[in-house]
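Protein chains: 2
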Amino acid sequence: MLKKSKKIRVIPLGGLNEIGKNLTVFEYGNDVVILDCGMAFPDDDMLGVDIVIPDITYLHKVANKIRGIVLTHGHEDHIGAIPYVLKEFNVPVYGTRLTLGILKNKLKEHGLLRSAKLNTLEAGESVRLGEFQAEFIHTNHSIADAVAIALHTPAGVLLHTGDFKIDPTPIDGDMIDLARIGELGKKGILALFSDSTNADRPGYTMSESSIGKTFDSLFERGADKRIIVATFASNIHRVQQIINAAVKYGRKVAVSGRSMVNVLNAAIELGYMNIPKNTLIDIDEIGRYPKDKLVVVTTGSQGEEMSALTRIAFSIHKKINIEPTDLVIISANPIPGNEKAVSNVVNELLKHGAEVIHERQDNVHVSGHACQQEMKIIISLARPKYFIPVHGEYRHLCKHRELALQTGMDPKNIFIMDIGKVLELSQDSAKIVGTVPSGKVLVDGLGVGDVGNIVLRDRKHLAEDGIIIVVLTIDRASCSCAAGPDIISRGFVYVRESEDLMDAVKDVACGVVEQCTRGNTIDWSTLKTRIKNEVGGFLFSKTKRRPMILPIIMEV
Amino acid sequence: MLKKSKKIRVIPLGGLNEIGKNLTVFEYGNDVVILDCGMAFPDDDMLGVDIVIPDITYLHKVANKIRGIVLTHGHEDHIGAIPYVLKEFNVPVYGTRLTLGILKNKLKEHGLLRSAKLNTLEAGESVRLGEFQAEFIHTNHSIADAVAIALHTPAGVLLHTGDFKIDPTPIDGDMIDLARIGELGKKGILALFSDSTNADRPGYTMSESSIGKTFDSLFERGADKRIIVATFASNIHRVQQIINAAVKYGRKVAVSGRSMVNVLNAAIELGYMNIPKNTLIDIDEIGRYPKDKLVVVTTGSQGEEMSALTRIAFSIHKKINIEPTDLVIISANPIPGNEKAVSNVVNELLKHGAEVIHERQDNVHVSGHACQQEMKIIISLARPKYFIPVHGEYRHLCKHRELALQTGMDPKNIFIMDIGKVLELSQDSAKIVGTVPSGKVLVDGLGVGDVGNIVLRDRKHLAEDGIIIVVLTIDRASCSCAAGPDIISRGFVYVRESEDLMDAVKDVACGVVEQCTRGNTIDWSTLKTRIKNEVGGFLFSKTKRRPMILPIIMEV
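Protein chains in written order, with the UniProt record's numbering: chain A, 1 to 556; chain B, 1 to 556.
Output of the computed footprint for chain B on chain A, the stretches with three or more beta carbons under 8 Å from beta carbons of chain B: (1) 35 to 49; (2) 326 to 340; (3) 385 to 399; (4) 445 to 454; (5) 468 to 477; (6) 481 to 488; (7) 540 to 553.
No wet-lab data here; the hints were simulated from the structure. For each residue, glycine too, the CB sits at the ideal point set by N, CA and C.
Isolated chain A, as found in the complex:
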């Protein structure tokens, strides 16, 4: 009885009201389990930032209770923050084979491969983590070996879908394990946490295998051309289908792009790929084969700077020159924010005369996430007491809530959560009982969290209008200006063409210095402020720009 009275606490530290950095903390008594541990890409206003990871301040509070990290799949937004978390808490990590295979590449880069405690679980298996029993349940997604995770506790079962779709004809032959979800649902699921990404899309997501037919007809149509296909590196089922088409039409396959090579090697090594001998060739060997006997699989489906496809398009790829006899297939939709970059790549490829198949043309891409009908199937199958839509912006969570209501759920049992909120669950009740620190930690180079609002504000200021430095040396003895003021600018105007303006700035600065050093005393308190204000005001009146003004005064 005592045990049953314990409550489960659920604390998302990422993945809600945002796309990315998924991390959810589950607590029961003295045990803490972390589900996923992802990164996010920086927003446009996070200048110079490489990646964003969740604020894990709260984990320090429960450090000695953490029994492990369980992973749903190997996408960056679910595993990308693991190196940063393991550096602070080297807890065991549990994932499927491919998930850990991809994670290993990442840990190697961070020098953590030896120390990390990685444990492989197959879908269908479970692991005990304190009072939690974590059960891996097979799902379908745009990466192989994805799982939902059921956390069994004495206070009830929690089901987290991870990212999923329902694919009745998947490439690996195994549909998401609806039977197990249904079984758990019949026994009673306390709370369901389900993927909201496509909550505003009606109907069903097409099967990954529908792409195979598309490739087949495109390969037939482009029989006399070299074919270049760009897609997400981690979508090995997509790559498998490209290889299938290549084999059918007697083409060799070469791979370009670091992440594509890495993931494919891991997938081959772990036995996830079915590639006939002598199909794969090295990118250096493509010259040895006729063009119409080649397929090149590349990264760059999002128009990423320096990705393989972008380098091909802008003629800076060392191995591949784009030609009018090339057929380029971009087998991906642009993620919001990448539309322009993809468009630029398409335009460049077309300018070289290549044929380009992209976006919604010809069904060259399907989503990895469930649409509305599938979401409702999961809710109806799981029949949870409580429902928490996860993995989406606020608008997606709201839509997912609407879908749950359509299945007959009680509105007061649905919780639209936010990161840092603490949801306390028991058989009889669910409520938000508090908040913990949460947010974005910015990673810039080796710095984790040392770029904050002040630094970003300065970068934005510098980016908009550049900097004007007013530097002078004051003679302490005579209280007069010993050198300068000199004016140095960066990112403001092209100085050679604006010498008059710079001379005028110097005059303004000289005027201020003169006034502040009258009578052999120096009005230190106002010297810097006045240089800043008067130079700034002068420049705004002349240019309607507001560069950062930085007065530097040395004493000798």
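Here the structure of chain A is known, so what remains is to put chain B in place on it, guided by the hints.
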């Protein structure tokens, strides 16, 4: 006979291989006509740049031949560069009433209203410009009073569609003048220049009036709510339909957003709107009416920073507090690049409990541009000898070319042009005969063209990793360091939390200074370079970042 032997030269200075800054130069003998004169919005990498205008270096070469600027419609990408051009060449401008009405607001801001020579033409009218006769032909677009322009010359007729769609049931009652285009086609059009924006969209664009039905049903559904509709300020037909729905349901209409107020005032003044008395109220008066008797029409349909809807969403609008009883309709699709901004606004509105209708939901928006079927109709009707797809990125121009081929055009009579290319046309021939200077001129504040590649490169560098300034004073007499080196950083790290790092940088700089000032001589040539390299190298090793290193050395 002599006259006929003269050739027409066509030189686009903007609008090809890009969206925006449309400007095309037409030359015949001693006469030059400029068609449209627009601006573009800066790309993401043009940090701090306000707008982009075409490089008009070439116009200086033909300055004394320019007979005027003819305008197709009042959108920014067709009129936005006029103030900058008129400052250099105060040539007459010809446009329809609404186009000039909107232009006047712009000229006023630039202090050019008095000096500008504006001439109003109605669709159906013509004006003689040297040997050119410019004929205005009514079209449909997402702004009222749009025209195609036929340029009649002794060497043949050129037809430029401007931006258009074929709307058989437009709000102003007048379909695009297909009859006149057909008539010109029968007589013989030498070259057609046609809008390529939607060249990759099959079928037809829906009629603007289809939106009326959507508003009608949304207003009925939201009968107990305040309704806020965001749309493009210049789409006065859309605004008219919002007003129609408001009138039908007995609501007052208030307007928020500077450009919306400006355009609407111009449209009302010129008689383009049909608004019953006592329908429009001042935004300050909204408190006097019940919420369910109000409609607010706002700017911000693209999620623009500081636009009315964005201010409403983020609770910084002075007059409007968003509430759960609000229905917000975003009657526009996000322009590529604006998806995230719009999504953020939608999320914020939803968090306040408002209902939000947006994007492709419920048909709240239709395009102002023709789709493939309409494009083919124009080509088949105009039956031009030569065809030049305009107004689009390369991929759009290519698609438009394909459509022209489908209508039976000879591939060698279709020209995919680029800005700066000179196309020479006669009854018997068409060919690219050369290039002229062309490109992007960046406007930042009052500066036109003073922000170039070096400045942008510096801004990008500053934006990514900030700046480290190493400043010291050298005593000329003793050849020693009299003050400093001091280290100042901006946009690099938050200094208070990185004092150790900054101290270490100082040590590195001191070391360099010591080595370069040995034996009472100063190795000037290497001092700056070594500070730059050694401080830069040290920081990269410690942080994997590359801030701009700026050594400043003063002499006393």
